[in-house]
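For the sequence shown, position 33 matches number 32 in numbering that gives the first Met the number 0, and the numbering has no gaps at all.
Think of the hints as simulated: they come from the structure by calculation, not from any bench. Note that the Cβ used here is the ideal one computed from N, Cα and C, for glycine as well. Honestly, I wouldn't trust all of these hints.
What the hints assert, rightly or not - If you anchor each label on the Cβ, the simulated ranges turn out as follows:
#1 VAL1 x GLU30: 38 to 44 Å
#2 VAL7 x GLY28: 28 to 34 Å
#3 PRO6 x GLU35: 16 to 22 Å
#4 ALA2 x ILE26: 33 to 39 Å
#5 ALA2 x HIS25: 37 to 43 Å
#6 ARG42 x LEU18: 32 to 38 Å
#7 ILE40 x VAL1: 22 to 28 Å
#8 PRO6 x LEU36: 26 to 32 Å
#9 ARG38 x TYR3: 32 to 38 Å
#10 ASN31 x ASP8: 35 to 41 Å
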Amino acid sequence: MVAYKAPVDEYMFVLHEVLRIQDFAHIPGFENVSEELTRQILRSGRPSDRPDGGV
């Protein structure tokens, strides 16, 4: 079985450098958007990288 590794750094680049989600902080619901928060959210999906699906 091929191991999947979530491309966290690539997603971070797209979210913050391409889409510039931090510029949406004035919109309700986006006030707390930061690089640290998005990195934590993306890393929280990492258990699914494991063959057992993180179970």
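Hint check:
no. : hint                      : verdict
1   : VAL1 x GLU30: 38 to 44 Å  : holds (40 Å)
2   : VAL7 x GLY28: 28 to 34 Å  : violated (23 Å)
3   : PRO6 x GLU35: 16 to 22 Å  : holds (18 Å)
4   : ALA2 x ILE26: 33 to 39 Å  : holds (37 Å)
5   : ALA2 x HIS25: 37 to 43 Å  : holds (41 Å)
6   : ARG42 x LEU18: 32 to 38 Å : violated (19 Å)
7   : ILE40 x VAL1: 22 to 28 Å  : holds (25 Å)
8   : PRO6 x LEU36: 26 to 32 Å  : violated (18 Å)
9   : ARG38 x TYR3: 32 to 38 Å  : violated (19 Å)
10  : ASN31 x ASP8: 35 to 41 Å  : violated (22 Å)
Consistency with the previously given hints fails for numbers 2, 6, 8, 9, 10, ordered from lowest to highest.
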